[in-house]
Each structure stands twice: as structure tokens, then as C-alpha cells.
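*Asks:* Next come the chains, spelled out residue by residue.
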Amino acid sequence: MSNATTEHDDVHLLIGAYAIDAVDDLERARFERHLANCADCTIELRELADTGARIGAAEVATVPIAMREAVFARIQTTPQVVPGSDRLIAAPAPSRSRWALRALGATAAVLGIGAASFGALAYTQSQEIQTLSADGEIMSSIVNSPDLQTKAMPMDGATSTIMMSPTVGKAMMVASGVPAPPAGKTYELWTITSDGTARPAGTWAPGPHGGAAVPIDGDLATTTAVAVTVEPKGGSTTPTTAPIAKVTMA
Amino acid sequence: MTVIPFDVQSPTVGDPDKVTRLLVETSRGDEAAFRELYDLVSGAVFGLVRRVLRDPAQSEEVTQDVLVEVWRLAARFDPEKGSGKTWIMMMAHRRAVDRVRSAQASTDRDFKYGVALHEPAHDAVSSEVETRFEQKQVRRALDELTDTQRSAIELAYYKGYTHTQVAESLGIPLGTAKTRVRDGLIHLRDAMGVTS
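Just so you know, the sequences run in chain order A and B.
When we follow my numbering, the leftmost residue of the first sequence carries the number 4, and every step to the right adds one.
When we follow my numbering, the leftmost residue of the second sequence carries the number 60, and every step to the right adds one.
Take these hints with a grain of salt, some might be off.
[Said to hold, decoys possible] Incomplete in silico selection of chain B near chain A, CB under 7 Å: (1) Ala162; (2) Leu229; (3) Leu233.
[Unchecked claim] Computed footprint of chain A on chain B, listed as stretches where at least three residues anywhere in the stretch have a Cβ under 8 Å from a Cβ of chain A: (4) 78–90; (5) 134–141; (6) 209–222.
If you are wondering where the hints come from, they were derived from the structure by calculation, not from laboratory data.
Heads up, the beta-carbon is just placed ideally off N, CA and C, and yes, glycines get one too.
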């Protein structure tokens, strides 16, 4: 048996565990990559997921009456995602307690694993899954880490958040409502050390709907602040303009 | 209090597409459709979440969150690729499991929170519902599993264990745990006549 076949069988066997969420985040990402290219899996997974749903639905219980109005009240202030988009329709200002969750949802949406993150049939989103990259895996492990920390990074007219995990040792930026950079320019992330040195941490541009999820290059442990500047296309090695956003990490 | 059945011995049973249709209408911002959808699925979502989480207060919180997520993410649902019922129940299961795992993570950090995880299960199912056809069918199908398959499925599905934790808990190799979960599900699928 070739290695490739062994690898395939190995991943494929995860299908049952994947169908009922008995996988960790890395296994999930690995299986979803496999799934995008495995027609057999798609059919089998659909049946196994339906089976899981049947078992789950058999647990039907009496719902507290108050929940009905509570849910209807909440949807009045909950924007819906737009089909085929990573953007939320104008969200009301989130309360503090919901904040991390919202950021998480936004991240997941931008990553294209949003559906998966909330158990929606990931395999129905194979177009998005194919975009799940190594970066996606890092970001997914940050988002799902038990020590996830978030920091708002004010950015004019946009919402941006730094999400970081000391155990993963990495940080990422999630933003929405970001205008496209001026012609010939790009956004660039910087990590700033305690002595004030700015190190390039990656160039980026928002998607067509103003969303971005960008891993921040560099070691989280020695980073005391994160900033964003507008730089000539291709990026710079030291910042050439004043930051449009900056946040202290400590 | 009323028990709202989900796709069991009710007009919806002959119309499995109703949940799917309502979900599509919900994705377009149709609040009336969402209300109808709520009435069809909230009992099943709450039942499943409570079965996994056990704690009633947490279960209510997660159930609310799931139902709001159904509203928020409805546009992500693609009726070509699966049923609305499965989409919603998977979301409910995933959120409940995520909650169990984050509780486990804090248990690892601070033992005292572990206590809540080991409280006896509440009986999530009323006797009225007990008799319902779909539930009987699920019970029967679970009974038909081998003991080893059943314990793997129960740990994974109802307790939110990963297959790695299933392997550790049952003292079996990882590959065996993976296979048992898959074989168990395939068995259940065949016993319940699930086809896509």
C-alpha cells in the first residue's frame, strides 16, 4: 500500500468522528481538506451527519416558555450574514460579554470555516473549505484555544480585533468594514518590541466586503504592541507612515 | 408548557422539507418563517443540548445562542447539500460540545469546576415524548449496536468526547476508537434507514 493510500484511509476513517464532532480542531481542518477532494466522503458524510441529527432530534424536550420571546427579542438586534459573503449586515454595538463571541464568529466567517465553527455542514461549503490554508489552521487553533485573548484595535471607520493565544504563541488580526487601500498601497502589520522596534508582520488587504483575518508574523512573547500602517505595494521593512491603528498587547 | 415535537408523528413528518423551506425563508430575513421554524425545532435543540450539557441553566443559554445563530447564519445553509434539520441539529451539537470542551479546559486549570461535569444527568426526555415513534426508532437502533460500538457512540455523541478521549476512556487504540465510532454510525444509519 502506498503512503498516499495509507494517508487517505487514515483521514477517511475520521469521517464518523467528524460527523458527530468527535474531532479536535486540527483533525477537523485535516478532514475538511480531504473532504473537498473526496466525492465518496461527501455522500457518506451526509448520511452519517443525518444519522447524528436523527439521534439528536430524538432528545426533544420541553422548552421554557420564556425562551421563545427571549430569542425573538434577540433576533431583532442580530444582523444576518449575507449569502456568499463574509460580511455581516450592520451590526449593533456588541455588549462586552458578547464581544469575544462576536469576534469569534466574525473570524470564523472570514476564514470561511464559520459554518464549520458552528456545526453547520462544513462539507456543504467545499468552495470555502478549499481556501482553508496553513494560515487557516493557525488561525483556527488560535480561535479555538482555551487561553484565547482578544484586544480591540481601534481603526478609523472599521472594527478590528487582535486575537492571541499564548499556548499557540501566535496572534492574528480580524477586521471588518475596512476600505480597500489606496491605489498602489497596501496595509502592513507591525509587531513592536519593548524597545520600540517595529518589525514587519505581514501585508494584507481586505476582501471584497471589507473583511480580513490575517495571521501576525512573529513571536507573540516578545511583542508589546501591534500596529497597522499604509505602505507602498509590496510592503516596507520599516514603517513609512503613521499607524492608522495601534494596540498595546500587555 | 407545551412540547413542540420536532419532525415526529406530526404534519411535519410527511413534510421533511418544511424545516428546510423555513430555513431558506429565514435567510431572507423573514421573521414569521423564523418563528415557525423556532416552534418546529426548539424542542429538539434544547433536548439535545441538555442531554450533552446536563446543566439546565447552561443548556438554556446555549439553546438560545444556537437559535439566534440559526437566524444569523441561515444564509450559509445550502439546501442543495443537506437538510435543514441536519444543519440545525449539527449546529446545536457542535455548540454543546464546544461548551463541554471549554468546561473541560477550565477543569484542567481549576479542579473545582470539574464537579459540575459529574453531576447526575437530568432526564431530558418527558415520558410523553418517550413514546414517540422517532425516539423509539433511535432507541432500538442504539440497542442493536454492539456494546463496544454503543459505548464509543455514547461517549462521543452525548458526552462530547473526541475520538482520542474515547480511546483513552475505553482503554483502546486510537484506530479502534475511530473505527468504532464510524461503524456504530453506519449501523445506526442502516437501522434507521437514513438515505441521502
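*Asks:* Against this structure, judge whether each hint is valid.
*Replies:* Tested hints:
The criterion of a C-beta within 7 Å of any C-beta in chain A is not met by Ala162 (chain B), whose closest approach is roughly 10 Å, and the hint is violated. For the restraint placing Leu229 (chain B) at the interface with chain A, the shortest Cβ-Cβ distance is roughly 13 Å, beyond the 7 Å limit, so the hint is violated. Taken as an interface hint, Leu233 (chain B) does not check out: its beta carbon lies about 10 Å from the nearest beta carbon of chain A, beyond 7 Å. Given a C-beta distance limit of less than 8 Å, the hint that chain A covers the region 78–90 of chain B holds, as 3 residues qualify and 3 suffice.
With 7 residues carrying a beta carbon less than 8 Å from a beta carbon of chain A, the region 134–141 of chain B meets the three-residue requirement, and the given coverage holds. With a threshold of 8 Å between beta carbons, the proposed coverage of the region 209–222 of chain B by chain A holds, since 7 of its residues qualify and at least three are required.
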